[in-house]
Amino acid sequence: MKSTVKRYHIVVAFDIGEEDRQLLFNTISEGASFSFLSDLNEEERKKALQAADVLLSWNPPKELAKDEYPLMTRLSFMQLLSAGADHIPFEDIPEGVKIASNVGAYAEPMAEHVLAMVLALAKQLLKHHNKLAHGEFNQFEMNKMVSGSTVGIIGFGGIGKAAAKLFRCLGCRIYAINSSGGTQEAVDFIGTLKDLDYVLQACDVAVLSIALNKHTRNLIGRRELELMKPDAILVNVARAALIDEAALFEHLAN
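Numbering (the working numbering), first residue to last: 350 to 603.
Everything labelled a hint here was simulated from the structure, so no lab data went into it.
Values in this document were obtained by computation on a predicted structure and should not be read as measured data.
Treat the hints loosely; a few may be bogus.
[Said to hold, decoys possible] Cβ-Cβ distance ranges computed for the label pairs, FRET-style:
| no. | residue 1 | residue 2 | range |
| --- | --- | --- | --- |
| 1 | Glu457 | Trp407 | 18 to 24 Å |
| 2 | Ala449 | Asp546 | 31 to 37 Å |
| 3 | Lys447 | Phe538 | 21 to 27 Å |
| 4 | Asn562 | Phe598 | 35 to 41 Å |
| 5 | Asn487 | Ala449 | 50 to 56 Å |
| 6 | Glu461 | Asn390 | 22 to 28 Å |
| 7 | Leu468 | Glu440 | 40 to 46 Å |
| 8 | Phe426 | Leu372 | 18 to 24 Å |
| 9 | Asn390 | Tyr357 | 20 to 26 Å |
| 10 | Asn487 | Leu576 | 39 to 45 Å |
| 11 | Asn479 | Asn562 | 37 to 43 Å |
| 12 | Ile377 | Asp435 | 23 to 29 Å |
| 13 | Leu601 | Pro410 | 29 to 35 Å |
| 14 | Pro410 | Lys447 | 17 to 23 Å |
[As the list claims (entries may be wrong)] BS3-like, lysine-lysine: derived pairs with alpha carbons at most 30 Å apart:
| no. | residue 1 | residue 2 |
| --- | --- | --- |
| 15 | Lys472 | Lys447 |
| 16 | Lys543 | Lys578 |
| 17 | Lys415 | Lys514 |
| 18 | Lys396 | Lys447 |
Just so you know, even glycine gets a beta-carbon here, dropped at the ideal spot from N, CA and C.
Please build the complete structure, drawing on both the sequences and the hints.
Written as structure tokens, this is what we have:
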């Protein structure tokens, strides 16, 4: 008796290079066929979406028009390459579709970026680079030490934990906030958002790596900024809307 294996039609919504296409083909081509929306005209695009079993997407609102979602009547699974999913128009996606984000995929490179930004700000690298470009060099100007400082990590998921690992190598104290108030990681303090004021007051460096939702939008506003030390460093590697930008501008201006 001959068995039949379902071949899934995968639609890639974003522009993708030849090397990445080949990786897709080599990995899963045996059980799937592909359409790349960036290659298709309007009619071909419509047919591809109607045939889609799986959608691979970076940013659906930018890649798909609102009237294209109803075309995907066969769609059963949507894989996002982004770690966050707060930008997804859930109301437009056909009912029953399972959605997976790419949580944790960028933890280590983002953690290195956090450390790089903190060191650049502590050592005022951009300021000194600009001065040097104009022929000014002052080797005696003071800067801020990161070693031994207290680092507050607001959002202790993949990125937060990876960043904590790097900061511990510098002898930093780690004050972390997550949703449960507990962790198996080596930290000096762990709490929830109820402890935000305490962490902001204590830390020399504050790292935002928390998900954006209705509870965290404008998490850092005028009051929170005033709680922080005057020379504290704030690095946001999550969504911009975590910070009230008007309040931040006013705080820095004053």
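Quick rundown of the hints versus the structure:
1. Glu457 / Trp407: 18 to 24 Å: The hinted range 18 to 24 Å holds for Glu457 and Trp407, with Cβ atoms some 20 Å apart.
2. Ala449 / Asp546: 31 to 37 Å: Roughly 35 Å apart at Cβ, these two residues keep to the hinted range, so it holds.
3. Lys447 / Phe538: 21 to 27 Å: Violated, since Lys447 and Phe538 (Cβ atoms, about 37 Å apart) do not stay within the stated range.
4. Asn562 / Phe598: 35 to 41 Å: 24 Å, violated
5. Asn487 / Ala449: 50 to 56 Å: 52 Å, holds
6. Glu461 / Asn390: 22 to 28 Å: Check failed, 42 Å falls outside 22 to 28 Å.
7. Leu468 / Glu440: 40 to 46 Å: Check passed, 43 Å falls within 40 to 46 Å.
8. Phe426 / Leu372: 18 to 24 Å: 19 Å, holds
9. Asn390 / Tyr357: 20 to 26 Å: Taking Cβ atoms as reference, Asn390 and Tyr357 lie about 23 Å apart, which means the hint holds.
10. Asn487 / Leu576: 39 to 45 Å: Because 32 Å falls outside the window, the suggested range is violated.
11. Asn479 / Asn562: 37 to 43 Å: 38 Å, holds
12. Ile377 / Asp435: 23 to 29 Å: Because 28 Å falls inside the window, the suggested range holds.
13. Leu601 / Pro410: 29 to 35 Å: 31 Å, holds
14. Pro410 / Lys447: 17 to 23 Å: The hinted range 17 to 23 Å holds for Pro410 and Lys447, with Cβ atoms some 19 Å apart.
15. Lys472 / Lys447: 46 Å, violated
16. Lys543 / Lys578: 19 Å, holds
17. Lys415 / Lys514: Answer violated: Lys415 to Lys514 is near 42 Å, above 30 Å.
18. Lys396 / Lys447: Between Lys396 and Lys447 the Cα gap is close to 21 Å, so the pair holds against 30 Å.
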